[in-house]
Every structure is written in C-alpha cells, then in structure tokens.
Amino acid sequence: MTDNPHISIQHLNVQIGNHAILKDITLNIPNKKVISIIGPSGCGKTTLLKSFNRLLDDTADVKVTGKVLVDGENIYDPNVEVTHIRKKMGLLSQRPYPLPMSIYDNVAYGPRIHGTRKKKDLDEIVETQLKATGLWNEVKDRLHAPATRLSIGQQQRLCLARGLAVEPEIILGDESTSALDPVSTSIIEDLFVSLKEKYTIVLVTHILRQARRVSDYIVFVYMGKIIEFGPTEELLLNPKEELTKEYVKGFIS
Amino acid sequence: MIRRKLEESFFRVLMVLATIIVAGSFFLIVGTIFYKGMPFMNWDMVTKIPGGGFYIGKEGGVLNAIIGSLYVAGGATVLGLIISIPVAIYINMYMNGKNYVATGLRIAFDVLFGIPSIVYGAFGFFIMIYLGIRASLLGGILAVTLLVIPILVRTLDEVIQTVPKELRDAALSLGATRWEMSKVVLRQILPGIFTAILLSFGRAIGDVASVLFTAGFSDNIPTSLHQPAATLPLAIFFQLSSPIEEVQGRAYASALILTIVVLIITIFSSVLAKRFSKNKIQ
Amino acid sequence: MFRLLKDKIYSKLMLVFTLASVSLVLLIGIGLYYKSLPLLHKLSWGTLLTSSEWRPLKGLFGFFPFIMGTLWVTAIAIIIALPLCLLTSFYITEYAPARIRKILIPFVNLLSGIPPVIFGVWGVLFIIPLIQNHIAPHFVEFSTGYSVLAGGVVLAVMIFPLIVSIVCEVLMTIPHELKNASLALGATKWETIKKVLLRKAKPGIIAATVLAISRAFGETIAVLMVCGNNVAVPHSVFDPGYPLPALIANNYGEMLSIPMYESALMFAALLLFIIILLFNIISRLILVRLERGLSE
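Chains as they are written, first to last, in the working numbering: chain A, 1 to 253; chain B, 1 to 282; chain C, 1 to 296.
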C-alpha cells in the first residue's frame, strides 16, 4: 500500500432514520488499484460507495459521523465545497443514465461546467475519452445523435467516458455491469483493468467471480461493518474470518 | 343461493347503468353544444368582431373574444411558468432531507388548487384596486396567473419526481452544482413541461369567475395591456342572456368553439402524458 | 467561484418564489378578512350567518339564504354523484374488460377538461327544459326549471370525474391477494366489493367526497346560470336558490356604491375561503396518509 491513499475512511458511521447503515468503518483505499466491495445485498456496500463523494447528502434523515479523507481533506467538514470533491471521482451506476443530450455533449458536459469553452479543446477531450473507452470507432460518425440511441452496453461506456472527461483520480462503480449482457460486461471489466494504471477504482459487486477477475483487493462488508480487507486471492482462497469463509462458500447471500 | 346470485346480477346491472350515465354525460354535453352551436357557426364568427355591440348587435362574430382568450390564457401560462418552474425545482432539488417541509408545501399547493376561481377573482380585483389597475387585459392575466400557479407547480412537481435519482447523481458526480443539475433535469422533463403548459392553458382559457371583474369586456381586440379584453367564456356568459336570437346564437357558437379548443387541448395533453409515463417506465 | 455563487443566488431566488406563492393562502385569507372588517364591526358573526334579512340598502346583511342555497345545491349534487360514481368506479376497476377500461378512463378525464361555463350552457339548454317540462310537473304546479335541483344536477356531472378518478386510484392500489382471498371463500364479486373493498377504500372515498363537496361549494358560473338566484331559503328541490359564489359573481363591481356592500361580498368570499380551506386540508391529509400507508 502507498503511504498517501486518495481515500482514507476513519470511523465512519451512517445512519438513515433509526437504522445504522454503516458502523465504524475505517479503511484506507490503495492508490491505482482495483478494489472490490463485496457483501450480501442490503449490507451497506452501496451506501459506503456513495459516502465517498457525498451523494448521500440528498437522502432524507441521513446522519453521517466520522471522517472521509480525500487527498487529506475531510469531505464531511462543513466548510468543504462539495462539487470539487465530486469532480475527483467518476461514478458509474447500475444502469447507464446518459444525460438528455447528444453523445458529444454527454462527454463535454463535465469539462464545460468546469470552464472549458474552446471547441478545439472540447473536441480533443471527447475524442480522447471515447477512445479510452473504446467507443470512438463505433460513434465517431454520429457524435451529435441523442445518447439514448446507443445500446445499453455502449451507453454504459459513454457514461464512463463522461466521468473520465472531468479528469478524476478515482472511479466508483456501483454494480456497473448488472444491467449489461455478458459481452458488454467483459468489455467494461477489461476497461477497469486497463484504467487502473491511471486511476484508483472502487467497485461494488455481488458477483464474486467478477471481483476475482478484476480486483487487486477485496473488502467484505456484512451488516454495516467491514469484516475483512485484503488482497483478492488471499481473501477469497484463504479468508481469516469465519463470516468471510461462509460468504465466499456461498452460505450467506 | 339464488338470492345471492340475484343480488350479484342486480348490482351488476346497476353498475353498468351508472357507468353509462357517467360516461354518457360527456356525450350529452358535447352533443348539446354541437347541436345548438352548429347552425350558428360560419366564417364570420371566427373572423369578425361583433357588429353593433355584443349584447344587441346582430352582425359579426366573436373574434375579439377568441383573441382575448388566447392573450389571457397565454399570458397567464407564461407568467405562471416563470414562477412555477423555480418553485417545483426548489421543492424537489433543494429540499431533500426535509421531507416534512416538502410534503407541507405540496399540501399547501393542493389547497391553493382547491380554492375556487371566484375567490381568486375577488382577491385579484382587490389587489388591482390597491395597485390602481383598472379592469383590463393585464388584470385578467394577473388573476388567471394566480389560478394556474398551483396547477403548474403540482404537475411539474409530479413530473420531476419521475426523473430517476441516478440521473441527478450522474450530474452531481461530474461536479455539477444543484442548479446545473436542475438544468439537466429540466431538459429531461421537457415533454412533461409541455403537458403542464397544456393543462394550465386549458384551465385558463375556460375560466369565467376569475376574469369576471378583472378583465372587463370589450367588443374590440385589445391592443395594449391596459385595455379591457373579452374572453370566450365571458362572451358565452354575457351573450346567452340576451333576448336577441342572433346574439344568443353567438353564445352557442362561442360555446362550440371553446368546447372544441378545450377538447383538442385535453386530448393532446393526455396523449402526451401517456407517452411521458411510458418514458418513465423504460 | 462564480458557478457556486450562481447556484447560491438561484437557490435564494427560488426560495423567495416558493415562499411568495405558498403565502398566497395566507394573503388571500388576510386580504378577505381585512375587507370584511367593516361589516364585522357592524354586525356579529351570529347575525350574519343566521339572519335571513337581506336588505343592503337598509344595511341588513343576513347570509342565511345564501348559505342554505349553497348547502341545498351541494347536497343534491353529492346525493346524485356519490352513488353513481362509486358504482362506476367499481365497474371500471372490478368488472370492465381491460379494453373497455382503457376507453372509459380517458372519457372521464375529458369531462374534467370541459370549462364550467359550458356546463352552464348545457344546464340552460338541456337540464332546465327537462325539469320544467318533464320532471317538475309531476310534483309541483309550476316551475321555471331554474332551481336548486338544476344546480345540483349540473354540479353532480361536474364532480363526476373528480370522484371517479380518486376512487378508482384508491381501488386499484388494493392488493389482488385481498380480493382473491374473499373470492376464494366463495363470495360473489359484489359481496367482495361490499364487504372487503368498500371497507378498505373507505378513507379514500371519504377524501374524495370531502374534496368534491369543497369543489361544489366554490363552483360559481355553472350553478349561477341554472339555479334561479332568488334571495330566499329554498324549501323544495324545485325552488330557486342563491348560492354564495353566485352572490359574489352577480354583484361584485356593480353595486359597490351601496355602503357596506363590498364588505359584505368580501365576507361571502371569506366564508367560502374558510370552508373550502378546511375541507381541502382534511381531504389532502387523508390522501397523504393513505399514500404513505400504502407505500410502507
């Protein structure tokens, strides 16, 4: 592990209404690696992911205590400006949600709101990111067609390109392949593996084989707590905790 | 056993009858309006203003009222939108985490929706006197704006709620501010905004009680906001009580025109709403 | 950063718009009360509400005939509309084949789009002659047709779509399992409706009725055009009546030279406003609670 992790979580508690969703989470995310968060549904793994870029703010009756340090800055500090935190992280949700505009504008949306206006610069960003996600050859002739005309798999890659366009350091994936067909899934998985050279990638998944295929580290969350955290092979093949063992064997689901 | 079967079929017949009455009343009303209005419909009706005074003159048509209605309903809908869009956005985008306040606001707008138009008319008139505005196109537009604000707010509110939370999250996680996110959401609900406009326009164009004291009435087409204006419903209301047959005929024809306009708007908006709800499920 | 400032400014601006438009409820209430004050200083609430003396020129303002006119018309409308609408809603949700249901619901919606003045015209052209020539002669010696009955019938048709749409919506949220449970016990469809659905949908039906009553209270033009507008307490359905909204609509802006008259009309508007506010809040609260209960 590197010394200065992009994301460092310290004693994070999240409560929604009277339910404690996350309990005393402490975790350092290693840089430029793929980390999978696994666990049974309802264990709080998506909440954990959303706490990284404060997307929980809009949830009703939510109470967050503890710290999430992003590049050493506690993002739950009241004086923090939330949009620049979010800019550091690209989010890929369960299903693709392209913005209601053209393919080109989807990718250019982020750079535009952050102040890039020149057409030449935008053209370059769009081309680079569409190439990075392997979409360029498929869409270069119809950049100004509505994004909704793409197939689901293409849409998801577009959403990834859109996220990369704001030059994040971290990519968050919330079961990003669960709505995709097997071919699109493997394209996205390969992208994750190749993107880790430049980005730190945190994925939520409930598919153990996927976690094994793409990730370097695995975090196992159960009932709002981190049970175990370690390198992929080690955690899957040789878990230390009894709960992890049972989950990996398929006894808890 | 036989008694139970009898009861079942008795009530079944009753239900079918009730349904025929309820659904049939629509045909009865539209039928009556067509039957009475058709004989008086002619080209002059929609191209000429009344000749010799709306209450006694036998010549001309109701162009003044048609144009006046379009002005009043159009003006009120535009003003209403300018106010309602920010309100709907505020309730949905800026008040998350304060659900009780949002629910309270929604109930308040529902209550405003329930306040009868005569009360808006009386209140609008009171405000106009206070501001020194005479009964005029402007007065009518202001009163009708009050009437359509709750309709627009609640319709837009419902439409915004159909936008998936993930779309908002997508914009936010690109570093968008709430305002920038709201613009994305507005783009997403464009067809829904159109539905709201139609609903509001339909209500605005048909209402009498709110413009009764505020718009005045005139045989001419208003050329400025400060001139009195006629509207179709007012033309129907005033001309129906005339003793002269031709004038009554103008009322019938006006009723026919208004009915057709409103039916087109209603059909159009419900088709749109249906398409929109299809988008939502997708 | 400029963007953040923009966001802040817009947010404050939208808050102002929201507060301003919501405070309309208060503003209207206060405005109407303020304008009724001169009348309220002169006559007590008790006198205003219970006296039948309506002699504006002598400064006597008894609202009892108008209140009774409103109550008669509303009561007739509800008595006609409620059973018809309940039966229709049950037919639409429980009996009608999907194809017919798909046609029926839009029709009911179309009805709600028709402007009040058109209902009024229809009342004058269809209901009035019907009552005058075919119904009234069986009961009374003479009637012009312009009566609280005519007002009630027109209003009933106007509130059809409101009641049907709310009740249908409530009925459709009742889980199939509940209906099936009753049917499986050997109950007929009607028995299921009577014993299960009616009970389950009761809060929704009450909310719809209360909402319909408040709509009927406030409806102005359509009623005004058909119910005769005679200042007297009606004693039969064939008597003319003079509901509160019609009083305002007929006289406002014209008779304002008479002292206190404007104040009296504003008092009428205030009465309407208070009653409708109460009824609306009650029904909306029931509906909101119903929605919550179903979503949880």
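Calculated directly from the structure, the hints in this document are not laboratory data.
Heads up, a few of these hints could be off.
[As the list claims (entries may be wrong)] The calculated lysine-lysine pairs, modelled on DSSO-like cross-linking and capped at a C-alpha distance of 30 Å, are:
1. B/Lys5 x C/Lys189
2. B/Lys5 x C/Lys194
3. A/Lys87 x A/Lys118
4. C/Lys6 x A/Lys118
5. A/Lys87 x B/Lys5
6. C/Lys189 x A/Lys87
Hint check results:
Distance hint between B/Lys5 and C/Lys189 is fulfilled; the C-alpha atoms sit about 10 Å from each other, no more than 30 Å. This hinted pair checks out: B/Lys5 and C/Lys194 have alpha carbons roughly 14 Å apart, not beyond 30 Å. About 20 Å separates the Cα atoms of A/Lys87 and A/Lys118, which keeps this hinted pair within 30 Å; it holds. At roughly 22 Å between alpha-carbon atoms, C/Lys6 and A/Lys118 fall within 30 Å of each other, so this suggested pair holds.
Taking the CA atoms of A/Lys87 and B/Lys5, the gap is near 69 Å; set against the 30 Å cutoff, the hint is violated. Using a Cα cut-off of 30 Å, the hinted pair C/Lys189 and A/Lys87 is violated, with the two alpha carbons roughly 59 Å apart.
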